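Colleague: Protein chains in written order, with UniProt numbering: chain A, 1 to 516; chain B, 1 to 516.
Bear in mind the hints are in silico, worked out from the structure with no lab data behind them.
It cannot be assumed that every hint is accurate.
With a straight-line Cα cutoff of 27 angstroms, these simulated DSS-like cross-link-like pairs (lysine-lysine) come out [said to hold, decoys possible]:
#, chain 1, residue 1, chain 2, residue 2
1, B, K500, A, K38
2, B, K500, A, K432
3, B, K391, A, K500
4, A, K515, B, K38
5, B, K38, A, K71
Chain A regions said to be covered by chain B (calculated; three or more residues, Cβ under 8 angstroms) [unchecked claim]:
#, region
6, 63-69
7, 122-129
8, 198-210
9, 254-267
10, 336-343
11, 412-423
12, 507-514
A few chain B residues that face chain A, going by a derived Cβ cut-off under 10 angstroms, partial list only [said to hold, decoys possible]:
#, residue
13, D55
14, Y64
15, S115
16, H195
17, Y413
18, G416
19, F435
20, L436
21, A438
22, F474
23, L484
24, N490
Being a predicted model, the structure only gives us computed values, none of them experimental.
We put the CB at the ideal spot given by N, CA and C, even for glycine.
There are 2 protein chains.
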Amino acid sequence: MTKSVDHLISERAKSRVSSHFTSAPSEAPPSGFKPHPKPLLLSYGTPNNGFFPIDSLDINLVHYPFEHQDKKEARGESLKRLAASSSNSASNGKNGKAESYDNSVEVVRHTQDPSIVDLSTGLQYANVEGHKPLLQFTKDFIKRTHNPAHDQWESILTTGASDGLNKACDAVLNPGDVVLIEEFTFLPFVRFSDHAQAIPVPVKIDFSNESNGIDLGYLRELLDNWHDLKPNLPKPKALYTIATGQNPTGYTQTVEFRKQVYELAEKHDFIIIEDDPYGYLTLPKYQHQRPTNDSVKSDVTIDDYIANHLTPSYLELDTTGRVIRVETFSKLFAPGLRLGFIIAHASIIKAIKNYGEVVNRGASGLSQLAVNNVVYGKLGGVDGWIGWILKMRQRYSLRKDLLLHTIYQSEAYKQGLVDVIDPKAGMFVTFKIKFLDARPENEIVAKMKQALWKVINFGVAVVPGSNMAVDSKFSAARSNFFRLCYAPANDDAEIVESGKRLTDAILDFYNNGEKF
Amino acid sequence: MTKSVDHLISERAKSRVSSHFTSAPSEAPPSGFKPHPKPLLLSYGTPNNGFFPIDSLDINLVHYPFEHQDKKEARGESLKRLAASSSNSASNGKNGKAESYDNSVEVVRHTQDPSIVDLSTGLQYANVEGHKPLLQFTKDFIKRTHNPAHDQWESILTTGASDGLNKACDAVLNPGDVVLIEEFTFLPFVRFSDHAQAIPVPVKIDFSNESNGIDLGYLRELLDNWHDLKPNLPKPKALYTIATGQNPTGYTQTVEFRKQVYELAEKHDFIIIEDDPYGYLTLPKYQHQRPTNDSVKSDVTIDDYIANHLTPSYLELDTTGRVIRVETFSKLFAPGLRLGFIIAHASIIKAIKNYGEVVNRGASGLSQLAVNNVVYGKLGGVDGWIGWILKMRQRYSLRKDLLLHTIYQSEAYKQGLVDVIDPKAGMFVTFKIKFLDARPENEIVAKMKQALWKVINFGVAVVPGSNMAVDSKFSAARSNFFRLCYAPANDDAEIVESGKRLTDAILDFYNNGEKF
Chain A
1 MTKSVDHLIS ERAKSRVSSH FTSAPSEAPP SGFKPHPKPL LLSYGTPNNG
51 FFPIDSLDIN LVHYPFEHQD KKEARGESLK RLAASSSNSA SNGKNGKAES
101 YDNSVEVVRH TQDPSIVDLS TGLQYANVEG HKPLLQFTKD FIKRTHNPAH
151 DQWESILTTG ASDGLNKACD AVLNPGDVVL IEEFTFLPFV RFSDHAQAIP
201 VPVKIDFSNE SNGIDLGYLR ELLDNWHDLK PNLPKPKALY TIATGQNPTG
251 YTQTVEFRKQ VYELAEKHDF IIIEDDPYGY LTLPKYQHQR PTNDSVKSDV
301 TIDDYIANHL TPSYLELDTT GRVIRVETFS KLFAPGLRLG FIIAHASIIK
351 AIKNYGEVVN RGASGLSQLA VNNVVYGKLG GVDGWIGWIL KMRQRYSLRK
401 DLLLHTIYQS EAYKQGLVDV IDPKAGMFVT FKIKFLDARP ENEIVAKMKQ
451 ALWKVINFGV AVVPGSNMAV DSKFSAARSN FFRLCYAPAN DDAEIVESGK
501 RLTDAILDFY NNGEKF
Chain B
1 MTKSVDHLIS ERAKSRVSSH FTSAPSEAPP SGFKPHPKPL LLSYGTPNNG
51 FFPIDSLDIN LVHYPFEHQD KKEARGESLK RLAASSSNSA SNGKNGKAES
101 YDNSVEVVRH TQDPSIVDLS TGLQYANVEG HKPLLQFTKD FIKRTHNPAH
151 DQWESILTTG ASDGLNKACD AVLNPGDVVL IEEFTFLPFV RFSDHAQAIP
201 VPVKIDFSNE SNGIDLGYLR ELLDNWHDLK PNLPKPKALY TIATGQNPTG
251 YTQTVEFRKQ VYELAEKHDF IIIEDDPYGY LTLPKYQHQR PTNDSVKSDV
301 TIDDYIANHL TPSYLELDTT GRVIRVETFS KLFAPGLRLG FIIAHASIIK
351 AIKNYGEVVN RGASGLSQLA VNNVVYGKLG GVDGWIGWIL KMRQRYSLRK
401 DLLLHTIYQS EAYKQGLVDV IDPKAGMFVT FKIKFLDARP ENEIVAKMKQ
451 ALWKVINFGV AVVPGSNMAV DSKFSAARSN FFRLCYAPAN DDAEIVESGK
501 RLTDAILDFY NNGEKF
């Protein structure tokens, strides 16, 4: 049993009510009234599905990430062989298409299967919360992976993590409220807290290699002495944290660490907004050798993955209902879906729903049916979906290790000029420039700019840490890093080449007296 | 040349800036810097499209609305014939699927065709504004149908009309600003103006049969004597109008009427927010006979449709850049796409874009690619899309006329107890209860509730006008109507049956002394 969390909901959110002009009369019917057994509708402005131009959809899937590249290579090989033995190889396939798929999902206009969203439903107006089977999927998935410690939680779909974070801010932050944020973070969050007219306060990150991200000593000190340290600010209403594979640093908080943060949240009565866009991509530790596809091949079972690889969410510690977990399908399925979900206390979800009726009328039904019907129509539900995640995770592991291997082999690393943090999850690596002597903050910032130009000149795009600082002055002394992301590369060769260019650039930067 | 519209943009919108942490350095590069010819990306957190599980999509279309019903009937017939001549008819089609489509669009992972949104683009992160070809389509479509009178207009995609309206409110309404609204309206708009902390003021509707909707004399009087009539309110900042096939009344403003309203907007310096979700569904006048599929068959050419059937938008009169036109694909393609667009002055579109970066990160790419690739890959672009609209329009005309015919043939109509307004566009009909003598306002409201229960009891759902009143007290005297919508019915027979039940219910209501 949780306490009420009403005092944690913003006044703005509390003031909204939900109603619709097509609702049935609210007063009691007159005597003698009985509902008609088969009422007809002249009420809703919903076009009948017969007006929809799409009659059915075939969604053709790959069995594993990058299968299409393997197929292309295989086709290329067989074409080459054909070309060697015959001159008539061009007729193979019309317009490069006409591929036959053994792994398709057909979406029809009407079906009675309750686990499927058909076109007559998916293309129609729908609840802001989301279509039933997909909403149920998000709950079943959370129960399987991060079962909440209280039982008053609910789920709602969003149009992605950004939408989820903006809605979380709206639900809990009053104008003038303070929100604590990891000092380097997914910076658009500040846009959302600004929109709620809240005040962002950065929390130091511990940059040691065995760090959990947040500098816990700093956070405790700050909270316990808030009125002395921040005399003009109210005590924090919320903490925003990317607790697994933090963006940009890649750090992951252990469960023991989370328990201590959660204790602080209880003691000081603040909300935890847990953003977890890629935490399911857990990554084994680098093995000190050049990785191959085989060396990171997953022999992890789903149960083993959940029990021993996945870091528990704050939800699993949350007895009060003060955790808002923001998820997205962007990294595990595709960003263009604009689809995600939020798990939180039912009162908070209700506030988010009422806001959703203002700022967007729910996620695309087409996106919803694509995910839902792939998951239920092909992968086989929650565990099938986790199976897909394990394949993603395997590929990301390989990429991470390839990038780390390239850096570890570099001259710059061997000379101790750079360091790198091996992430336990996600898609980001902190790449530190290890200035060999202490120096003033403003010099670090200036040198990092020179280093960035060098890196760009050598042909790699990276994100300087300072670009992601909530308060670049506050964080200047800890800005000596670039965020590296191994997600966008087209293939493994690009990752290796990127790592080489990057470390060559930094070596050149040092050889040139820490200048461009 | 338009004047600047900056004074019409809200302070809230002006205060927002757009920036992203992955942007390149803004300062000048150091001397000796040259951009790399083939830079690699370790920057963006965008998963490579090789991580997307969908490899291709087949979108199977109908040639005209409700074709699937005709096909089903035809299949039913041929199955019956088969059953009569043979006992082996069940093998015809496996699981009811395996239909062969001659009207499909294939969406592949990669294409070089600039008019197509492929999967590697459509499933990826994208600009808030929308994918290029679809954004270009919205502009070409507007140029063809409602060419704006000034040349500083732009387009931006939305997640549907509601999102568009909320964004329009955010862009122009400051807290305390007044927005004029047709007294009966799409009521969620008030939620959006509330969200902008604006003050809604209803404008009387003229309920005569040849009305243009808004009571122009009332509006002019109100504006010219604003400070006397509304001493505590600032002059209006905006007018919200559904000018074609108004919701709920069905009225359409003629172009001459719009010119007079636009003159008032110029004189009193307010914005016109033109909401037009179904105005393309222009409807011929009822022909005083039972309509058949043939009698409303469209022999209208696209040029004729645009020149003589489509009512000009306020955009076409707008020399100042004060018109915000909100469109949606919900009624013409499908609501579940959550896809629409806004046409307005470039400064207003920029404000809307900055807001879009807060409240949702653009429309679903899957929805965008579905519409774009159907339009460009199958229908043949703008005129092909208008061709589809003409087919929709033909079907809606038939439905409208069937409903009107049923009402005109009813005993209640013949006895002069009810009246109905023949709409020139859209999907709504005003169904008036003609109380035969004058009566106090509160009695009208009470009687309409009794009539509603009767209608529900007879098995039809309708929307009472009072449910859609901005201020139900202000509009009580004009609340003696139901909104009828012929869009949701499954077939023509349902429309006829609904009309019968409705008119029978009202006859019974009168026969029972205007009581349930």
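Colleague: Would you mind marking each hint as holding or not holding in the structure?
Modeller: So, going through the hints one by one against the coordinates:
Our distance criterion of 27 angstroms between C-alpha atoms is met by K500/B and K38/A, whose separation comes to about 14 angstroms. Pair hint K500/B plus K432/A does not hold up; C-alpha atoms about 77 angstroms apart against a cutoff of 27 angstroms. For the given pair, K391/B sits about 59 angstroms from K500/A by alpha-carbon distance, which is inconsistent with the 27 angstroms threshold. Between the alpha carbons of K515/A and K38/B the distance comes to roughly 23 angstroms, so the proposed pair stays at or under 27 angstroms and holds.
A threshold of 27 angstroms between alpha carbons decides the hint, and for K38/B with K71/A the separation of about 26 angstroms falls inside it, so the pair holds. Evaluation of the coverage hint for the region 63-69 of chain A: fulfilled, as 5 residues show C-beta separations to chain B shorter than 8 angstroms, against a requirement of three. Look at the region 122-129 of chain A against chain B: 5 of its residues bring a Cβ nearer than 8 angstroms to a Cβ of that chain, three or more, so the hint holds. Using a Cβ-Cβ cut-off of 8 angstroms, 0 residues of the region 198-210 of chain A lie near chain B, which falls short of the minimum of three, so the contact claim is violated.
Counting residues of the region 254-267 of chain A whose CB lies closer than 8 angstroms to any CB of chain B gives 0, so the stated coverage by that chain is violated, three being the minimum. Counting residues of the region 336-343 of chain A whose beta carbon lies closer than 8 angstroms to any beta carbon of chain B gives 4, which reaches the threshold of three, so the coverage claim holds. Restraint check on the region 412-423 of chain A versus chain B: 0 residues with Cβ-Cβ distances below 8 angstroms, three needed, restraint violated. With a cut-off of 8 angstroms between beta carbons, the region 507-514 of chain A has 0 residues touching chain B; three or more are needed, and the interface restraint is violated.
The restraint placing D55/B at the interface with chain A holds, with a minimum CB-CB distance near 5 angstroms, inside the 10 angstroms limit. A distance limit of 10 angstroms between C-beta atoms decides the matter here; for Y64/B the minimum to chain A is near 9 angstroms, and the interface restraint holds. For S115/B, the interface hint is violated, since its Cβ never comes within 10 angstroms of a Cβ in chain A; the closest pair sits about 16 angstroms apart. Annotation: interface hint on H195/B holds; nearest CB of chain A at approximately 5 angstroms, less than 10 angstroms.
Interface restraint check: Y413/B against chain A, minimum CB-CB distance 16 angstroms, threshold 10 angstroms, status violated. For G416/B, the interface hint is violated, the least distance from its beta-carbon to any beta-carbon of chain A being 22 angstroms, above 10 angstroms. For F435/B, the suggested interface contact is broken, since its CB lies about 19 angstroms from the closest CB of chain A, more than 10 angstroms. The closest approach between the C-beta of L436/B and any C-beta of chain A is roughly 22 angstroms, which is over the 10 angstroms cut-off, so the hint fails.
The restraint placing A438/B at the interface with chain A is violated, with a minimum CB-CB distance near 25 angstroms, outside the 10 angstroms limit. Restraint check, F474/B versus chain A: the minimum CB separation of about 16 angstroms is more than 10 angstroms; hint violated. At its closest, the beta carbon of L484/B sits 4 angstroms from a beta carbon of chain A; the interface hint therefore holds under the 10 angstroms criterion. Hint on N490/B holds. Least Cβ distance to chain A is approximately 6 angstroms, under the 10 angstroms limit.
The earlier numbered hints that this structure contradicts are 2, 3, 8, 9, 11, 12, 15, 17, 18, 19, 20, 21 and 22.
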